[in-house]
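> The two chains are supplied separately, each in an independent frame; assemble them into the complex guided by the hints.
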Amino acid sequence: MQMQAVNTSRSTAGQAGEVVLKVEHLSLDFRLRTEILHAVRDVSFELRRGETLCLVGESGSGKSVTARALLRILDKNGVIAAGKMLLAGQHGDIDIAPLTERSPELLKIRGGRIGLIFQEPMSSLSPVHTIGSQIVEALRLHRRMDKKQARAETIELLRQVEIPNPDKMIDRYTFEFSGGMRQRAMIAMALAADPEILIADEPTTALDVTTQAEILDLIKRLQISRGMAMLLITHDMGIVAEVADAVAVMHYGRIVETGSTDDIFHNPRHDYTKRLLGSTVKLEQNPRAATRAKPVASDRQPVLSVRNLTKVYGASKAWMGGSSFAVKAVDDISFDLYPGENLGIVGESGSGKTTLGRLILRTVEPTSGDVTYFGQGEPLEVTKLNKRQLKGFHRDVRLVFQDPFASLNPRMTVKQVIGDPLIVSGKLHGAALDRRVGELLELVGLDPAVMERYPHAFSGGQRQRISIARALALDPKIIIADEATAALDVSIRAQILDLLLDIQKRLDLSFIFISHDISVVRYFCDRVAVLHRGKLVEMGSAEQICTSPQQPYTQSLISAVPHPDPRHKRMMHRTRFTA
Amino acid sequence: MLEHTYIDEAPEAAPAVTAIRTSKPVKTAVAGPWRLMWAKFARNKVAIVAGVIILLLYLIGLFAEFLAPALPDTARPQFTNAPPQELRLFATDAEGNSQFQLHVTGYTMTVDQASLRRSYVIDDAQVVPVGLFVKGAPYKLWGVIPSDVHLIGPLKSSDTMYLMGTDKLGRDLFSRLIHGTRISMSIGLIGVTISLFLGVILGSISGFYGGWVDLVIQRVIEVISSMPTIPLWLGLAAAIPLSWSPITVYFVITLIVSLFGWTGLAREVRGRFFALRSEDFVTAARLDGSSERRLIFRHILPSLTSHILAVVTLALPTMIVAETALSFLGIGLKAPVVSWGVLLQDAQNVRTIATAPWLLIWPSAAVVITVLAYNFLGDGLRDAADPYES
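Protein chains in written order, with the numbering used here: chain A, 1 to 579; chain B, 1 to 390.
Here chain B stands alone, though its shape is the one from the complex (with noise of 0.2 angstroms):
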């Protein structure tokens, strides 16, 4: 009833493909698990962006004082509150020729006779000629180096420059902000060492041996989590004597965010290493002879190193935010040290916002720029924490 027909050709040796792009293949074969990782996460352009972000930030933070045009604390009396000038290419000299000239426009201030307020007007006739590569107030790049040449600055030392204004004591605020950067984007990034030293080490031990020894940290960590952070640490930062230099009570603070910042990455590793120690290759290492501290480190922890640095770039901007929290509210960082947070104390009243609201614009624009590129980064990295998903 049913006919019998076959295909006379010789059975095929691999499935039928056609290859859609002619772009060099990737070779797997010989590609270890990082270069797998790269090949997913590059294929993710908003990741790629929010990384080159973090990583300008993280150049403008080591080059700081390369980079500001003047240094934190010069305070200049005479512009208080000035508003941000507009950097300008071409300027017209007393001829009329209009020619190539970096410059910024000087400001005409008008004292309000009844409030005493000063008022600026960007007076256009004013030019203060700016240069790359300038001499001007001299500096220590990481209190080693001495040199005095900044990238941008007016030519003429005595002339003045604020792209982004000044605050109420006359500070350019662009330089102060440069300075945060290395700041907070430190703070985090020390914060999240001894946060992931904590939680993987922790984490680690609660998911190997589990039975009371996980009992027992997971308990721990619940205490931990279940805290209310603001209180504890305006407890714990009100108790750092004032006597303390700046740099120590920067370490404090780091150390004080990062004590509660461990426990979600512990619980995550816990996680993968109840998931991990019953997976095939993990039995065969232990029947290899394998010891724990190498089936540990060597077998387990290389196969979530992804998904720990992920979930390491999601932490971060908690850290910075934390950081900044504290430093609003009064009780992390204090003048003379400058980082985001100090920036944004100075926007904390109506008044301020009210005439000078670059002070509260462009630090929050800097926090919400690093929160954003982080999460987004993160995301990133967590999708391709796993390239052999597909």
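Bound conformation, chain A alone (with noise of 0.2 angstroms):
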């Protein structure tokens, strides 16, 4: 039904298509210390009223200093070396591209024409004005309102991005908002001067996927009916499938593909655009389906069994009245793990899922329930272990950091990074523990020469490689992979995936896989659990929780998640869960 709604207000919008910005042929240098860079080259694109053009391309593809150069908040030592940015008018175009940075032109256009919409909703609104005082400043800023005038427009702004209450959130500051609250305030305050371009930088990607097909939703709805252009900076394929009209790939600062959406997603010409809708694409399938062991047998014998695991925080006594206030981050969870197997455990943020790999861990300390691992010898009561005998777990069961910056040590080698684990237990030193660092190497497909480098010398998803050779280094039998994947490109996210599944195949490794991305999971797992709320929701296989989900928090999740196919949206028809 929506989706008729958009086809006929589109056709229907007075002088759709007409062109409202051209930027022809721009060219963006920024001075480094020992190079220029040529963040952007020759790019070219119009936007037209009502329509949106994604801008799509992985990190550092020049995406984002578009955008920021058509509002000229290009960073202190960059410069646009070539190039116009017309913005249509009445008189004319103007050209952003000259003008100096304190013209009133320029004032103008930024906020006042042009509305923008950062990431990272935290940070991009102050926290020490409240909402509603923000966005009358814009008002009476940008339409000489006065304070009556515009406390009145901002409520009306607040109920159209959809705020409950917008009469009394007005008041409210930064802090007493959600991150969608925060987001959808944020869009309020870019159309508080009625733009007629909206740029909105990678708006979601700080969101959990159900507020993500909310807010992307609004913004689409916003953007037609208010016949405004829209650029929509994403690294997400979904997101474009699902939103855009027109889509430019940027690759390395360069446009190398334009086109319709349909054109690119069933007809791409450039290679690097079918690399990137290939590893996309490929994660919406499970290759695990195919090649996986037989059912798990119910008289198998489980490696890690987790019964009725609980942690509250914010219960304990405290010394003075007592606290009645607790949060039950993770509540009753159970579940198995089986040798070769890999269980993903998914949900939003919140849910519980990266404390439960904590606690399983115990570097956070279980409130109540039980940790059973089955390895050599007798079955271990993880609860019960003391501080020995809890080093010789951690040595069967290892973890996978997130963030490949934050986990390497910068001031250690990379031998001494994947050499520390066999160094502490005692196990290699000298010319076999340099051996033993060489094969870890190889296993994840990096060279054993770069062993005496430091972490900086590589690319994320290097970083992420020589983490996973760290946690192997010890023979493990189970690795948690805390969203392993999660800061990594998705070209990359797909050769990580199968770096681990093909390591699997060698090893005999069971993965707990927490993720809060569904196509991930889809791809890597046999089983999955669902959190929400720290309960386990739903438990199933991989094929059966994201095809047919049972329960209906998981069915809202699975159709949030945008589906890399502009003839099968997926998000705008999706299932709503309130609690």
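Below 30 angstroms or equal to it, Euclidean Cα-Cα: the simulated BS3-like pairs (lysine-lysine) are: (1) A:108 - A:148; (2) A:569 - A:22; (3) A:168 - A:147; (4) B:45 - A:76; (5) A:427 - A:391; (6) A:415 - B:40; (7) A:168 - A:148; (8) A:282 - A:220; (9) A:76 - B:40.
It should be emphasised that the hints constitute simulated quantities derived from the structure, not laboratory data.
If you want it as structure tokens, here you go:
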């Protein structure tokens, strides 16, 4: 139903298709210490009224600086080397490129004719002003309203972005808003001056998948009803497929391919576009379905067994008065992990999935419940181990972190990082250590010659490989991967997942894969557990969870995932879950 | 409606860049953190100059006996409060030929009969030849190696040369300042070493364990830093028995100064520990089975060494100033030990400043230059301390 509405409104919008902004041969240079980085080269595109252009590319492709150049908010070392940015006006076009920093024209364009939504709703709103006062300021500046009018208009804007009780919320502070609400407020602020062009720079990257669907839905509806042109910047092909009318694919500062959404998705010409689509679409399948071992027999011995695990925060008996406020981060969760199995744990932020991983490793102490590990010899009651026994357990059950930049000590060489667990456990030293580290590097697909380098010399993907090598150093039985691919670009993400699957084939490993990304879990896991507010909502095979979820929460979660095919938009007719 | 266009080329493998400088690129891949830090530090010219000055001052302190033209305690009553002499390169001999001869010119002294004040006038006619590596008063370098060679001095040992003038007892200020450099520069170094030891150990423990340990250590720090320092120093210094040797007094003064200097460093270290102990790489090391000691000394502390170095460099001048202040007030080092503070003690009254301003100017210039150099060096180090920022 919604789709129809979208189509009709577009065809009826009077001058739809009229060009409002034309970027011609734009080049941006950044002066670095030893070199000039040509961040954007010869980029041309048009924004049309009522249409959405998606600028898609991986990190470092120059998509964000292009958008920032439109508002002339580049960093100090950046310059517009060539090109025009023509903004259509009643008295002919205005070129934004040659305007001086403080010229009144530019100030009028910023926030007046072009609105901007940033990625990070936490840091783009002032924490010391109320939401309302920030929007009122924009209204008074750009639309010259008096205080009373501006306040009424602000309430109206907050209503439009679907913030409940706008007349009350206007006087609230940023920290009283959730991530999704802040992004709504940000949108209201961007819309305050009634701009013709809306630039959204990764507007939903920091948000949960269901919130993302709502925000995208909102932006799209507002754009159509107001007849704005939109420039949406994203790295997610799924979002592109759901929202875009036209697509421009950026790679290392150039637009390598541009066309209608359908053309790009169903008839990609440039190799990079094909590669990008390939790695996105690949994650829509599950290679494990074909290669999976026989269905899990019920009599098989699990390698790890979790029973009624609970973690309560804030319920400790305070010595003054005591606190009745308690949060159950993990609430009575039980599951088994079988040898050679990949168990996915999915959930949105705050669902307790990371805490669950830490509870299993006991870096966070559980409030109650049991974790039993069946390694060699006696089953281990993990919750009852002393410090020394816990070290032994940590040799068999390893953790791979989310952030490949924070998880490697910048002061240690790759050899020291990977060799550290071996040295600590007293297993190897000298030449034998070098040999083992070399083997491990080869196992994760890196050249052993890089051993003497420092982590800063590696890209995110390579760093994650080093992290994996460190996890494998002690011949573990179980690896807990906590959002191990979340910080990586799509194409690298697929590579790392394939690497993990390949290593699993060679070594006898089980994975607990914690992720918010349904497609990654679907690609990687045999079974999936869905967490919501600390509770285990549903558990089943990856295929079953992703195609025919039983619980209403899982249904809403799955249906909110953008589908990278413009012919099968999923998000717009998703199931909503209210709890 | 929209044309489908694309660039008919293979995807590029790297972003487009143009090199600005052709200087040999730093191999950052294998460069350790110290190399990166040095590369960043080397770009700060002011800090480099400051570093060179500090280095020179320490060299002066190290070879004080050799560099000083005279012994610090040699007093010549006939030259009390004599003004500085100028070092000249060319002398005119009896035949009127100008030739190269390092020399200073002598004084003619007149005594005001009413006030008995001596006044000196530089007499160009008197040439006191000066040479490099001359034999002079015998000394023992570092109290061990006997020698009598001085870098610069009058060729005839009965002649005098006062490049910075003399004090009220007729002692050479230049020589005394050089000897004072040794004491003043080293008192900072030793004091900071003690502070560093206390600060790093207590700060690490406080930051790593947190909880009640942190609570106790932080309260101790607050108590110590809330005490007014000057009266406390006065009290402690007054407690030093007069019979102690100057060397013992020197160490006790160092100890007193450093006992109150470690609190800032401890707080800095604690803050960094708080930030770092929850970093992923520390958790990873913990899961690797590292003991707490290994976590602190192998994983966390190396990440802050550069910061500690910067803090220490900024703490050194406060130590030097503290010593100077104590000695100036007459409760720190005492004669025969020579330090900048002891030298300044001579310039405490207006009469001295009026008749012999060099007694105030040179020692205070030494203190000011040292403190400024340390501050610039410390700022440079602090900026370079995080080589991964940019």
